Amino acid sequence: MDMQVSFLDRLFDAGLLIETGVDGLYGRSGQFEDVIAAFERLIDKVGGDDGAEAMRFPPGMNRAFFETSGYMKSFPQLAGTVHSFCGNELDHMSLLKCMEVGEEDWTKDQEATDIVLTPAACYPLYPTVARRGSLPAGGALFDLQSYCFRHEPSKDPARQQLFRMREYVCMGTESHVTDFRQLWMDRGVEMMKSLGLEVEIDIANDPFFGRAGKMLVNNQRDQNLKFELLIPITSVAKPTACMSFNYHQDSFGLKWGLNLEDGSVAHTACVGFGLERIALALFHTHGLDVKEWPGSVRATLWG
Amino acid sequence: MNETIRELLTRVGGLPVAVTELEDGADLYAAGLSSFASVQLMLGLEEAFDIEFPDSLLNRKSFASIAAIEQTVSHILKAREAA
Chain A
1 MDMQVSFLDR
11 LFDAGLLIET
21 GVDGLYGRSG
31 QFEDVIAAFE
41 RLIDKVGGDD
51 GAEAMRFPPG
61 MNRAFFETSG
71 YMKSFPQLAG
81 TVHSFCGNEL
91 DHMSLLKCME
101 VGEEDWTKDQ
111 EATDIVLTPA
121 ACYPLYPTVA
131 RRGSLPAGGA
141 LFDLQSYCFR
151 HEPSKDPARQ
161 QLFRMREYVC
171 MGTESHVTDF
181 RQLWMDRGVE
191 MMKSLGLEVE
201 IDIANDPFFG
211 RAGKMLVNNQ
221 RDQNLKFELL
231 IPITSVAKPT
241 ACMSFNYHQD
251 SFGLKWGLNL
261 EDGSVAHTAC
271 VGFGLERIAL
281 ALFHTHGLDV
291 KEWPGSVRAT
301 LWG
Chain U
1 MNETIRELLT
11 RVGGLPVAVT
21 ELEDGADLYA
31 AGLSSFASVQ
41 LMLGLEEAFD
51 IEFPDSLLNR
61 KSFASIAAIE
71 QTVSHILKAR
81 EAA
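These protein sequence lines map, in sequence, to chains A and U. End of the first sequence = 303 in our numbering, gap-free, step of one. End of the second sequence = 83 in our numbering, gap-free, step of one.
Hints are computed from structural coordinates only; laboratory data are not their basis. None of the values given here were measured: they were computed from a predicted structure. Among the hints, a few may not be true.
Pulled from the structure, derived: some chain U residues nowhere near chain A, Cβ distances all over 12 Å [unchecked claim]: (1) M1; (2) N2; (3) L8; (4) L22; (5) G25; (6) A31; (7) I66; (8) Q71; (9) H75; (10) L77; (11) A79; (12) E81; (13) A82.
The list that follows gives simulated cross-link-like pairs (lysine-lysine, BS3-like), each with its CA atoms no further than 27 Å apart [what the hints assert, rightly or not]: (14) K61/U / K214/A; (15) K155/A / K214/A; (16) K61/U / K226/A; (17) K61/U / K73/A; (18) K214/A / K78/U.
Where is the CB? At the ideal position from N, CA and C, for every residue including glycine.
Produce the complete structure using the sequences and hints provided.
Structure below.
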């Protein structure tokens with residue numbers, strides 16, 4: 001924990017992250033954003049010729065789609081819903097009074113809106129693609145990026161509550177999407193090496209909730225459904241996942257009715273880059289002053 | 001026990017086929033048992049037999065077939081008797 005706090009303090013002191021008073025909710029400096037922009041250009045350079053269709057969604061999604069996704073079955077502890085004041089003038093008066101007195105929780109009468117904070121960049125994609133009808137026989141590839149929300153306050157700068165995820169999502173046959181996942185595991189390792197980052201790839205699991213979640217964790221690991229690319233940021237013993245490589249089998253295909261032209265259910269896989277984590281890995285490895293970073297790293301990012 | 005397992009499977013398994021038509025050794029995942037349904041099955045078994053699955057048995061293998069479930073539950077019951 002000390003190492004996490006001291007790295008976070010150093011990031012604040014250097015002005016790279018800006019404190020807001022809430023753990024895991026930070027502003028970013030221009031310099032920090034420049035590193036992320038440069039890394040995203042590197043992603044474009046590596047994956048740009050694959051012909052992915054780019055889509056950008058805001059960091060909120062349709063609550064109905066969120067409900068269908070089943071996110072609350074697996075990760076209720078991480079979800080964030082958007083609530084608003086929907087009362088009349090009288091309600092407004094009691095709200096203000098409640099806020100003024102400060103004894104009661106003024107948010108208790110806020111009502112759920114149709115918007116839920118996006119938990120992963122690809123969540124709004126599946127229903128969008130499903131609406132279009134059958135997927136071409138050769139499958140489809142999408143490029144997404146969004147701020148994502150996960151309710152997990154922490155002093156670890158690599159565990160933020162609002163962070164950006166860049167993703168490629170592949171839909172097609174089993175072999176098509178698992179080849180895509182393998183291709184990006186290889187590419188990911190090469191990309192991080194070209195940035196002078198120490199990486200390893202390991203089998204992983206999502207943070208499923210509760211005891212029942214243990215079973216989902218075991219299932220996921222037994223079937224090699226998730227891999228992560230790990231880089232030391234606040235701990236060498238427990239390096240941080242900076243990329244993840246997920247094979248969903250046909251679960252999203254079945255859930256959203258994603259079919260290929262021949263009528264078979266589409267398999268899907270996604271590859272995600274944790275953009276803040278990658279920037280933090282660079283700052284941690286090469287120092288807080290980008291001008292001091294090795295020439296080869298600077299050339300890869302800004303050359 | 002076999003009957004209780006089949007009843008639970010009918011109630012929470014969400015299988016597209018009739019549970020009565022499944023052999024004891026039939027692969028439940030191939031029959032359409034989802035990860036989430038297997039979790040509900042696990043919770044249902046815990047309640048029905050008043051047992052608690054140890055973490056080591058919370059995996060796909062334990063729920064792969066009706067026979068496998070019987071074996072897993074018997075194993076937990078025996079371990080409890082021995083304790």
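Over 12 Å to the closest beta carbon of chain A is the bar; see if M1/U clears it.
Per Cβ check, M1/U is outside 12 Å of chain A; nearest 20 Å; holds.
Using Cβ atoms and 12 Å as the threshold, tell me whether L8/U really stays out of contact range of chain A.
15 Å, holds
Taking C-beta pairs only, is A31/U more than 12 Å away from all of chain A?
With a cut-off of 12 Å, A31/U remains clear of chain A, as the shortest Cβ separation is near 14 Å.
Please verify whether K214/A and K78/U have alpha carbons no more than 27 Å apart.
23 Å, holds
G25/U remote from chain A - nearest C-beta pair above 12 Å
G25/U is indeed farther than 12 Å from all Cβ atoms of chain A, at 20 Å.
If we take the beta carbon of A79/U, is the closest beta carbon in chain A still more than 12 Å away?
18 Å, holds
Is the Cβ of I66/U more than 12 Å away from each Cβ in chain A?
The assertion about I66/U holds, with a minimum of 18 Å to chain A.
Is it true that the CA of K61/U sits at most 27 Å from the CA of K73/A?
22 Å, holds
Whether L77/U stays farther than 12 Å from all C-beta atoms of chain A, as the label says
The claim holds: L77/U sits with its nearest Cβ about 19 Å from chain A, beyond 12 Å.
Chain A versus E81/U - minimum CB to CB distance exceeding 12 Å, so not interface:
23 Å, holds
Would you check whether the claim that A82/U is not at the interface survives, using Cβ distances to chain A and the 12 Å cut-off?
Given that every Cβ of chain A is farther than 12 Å from that of A82/U, nearest at about 23 Å, it holds.
Nearest-CB test (12 Å) between chain A and Q71/U
17 Å, holds
Of the numbered hints given earlier, the model fails none.
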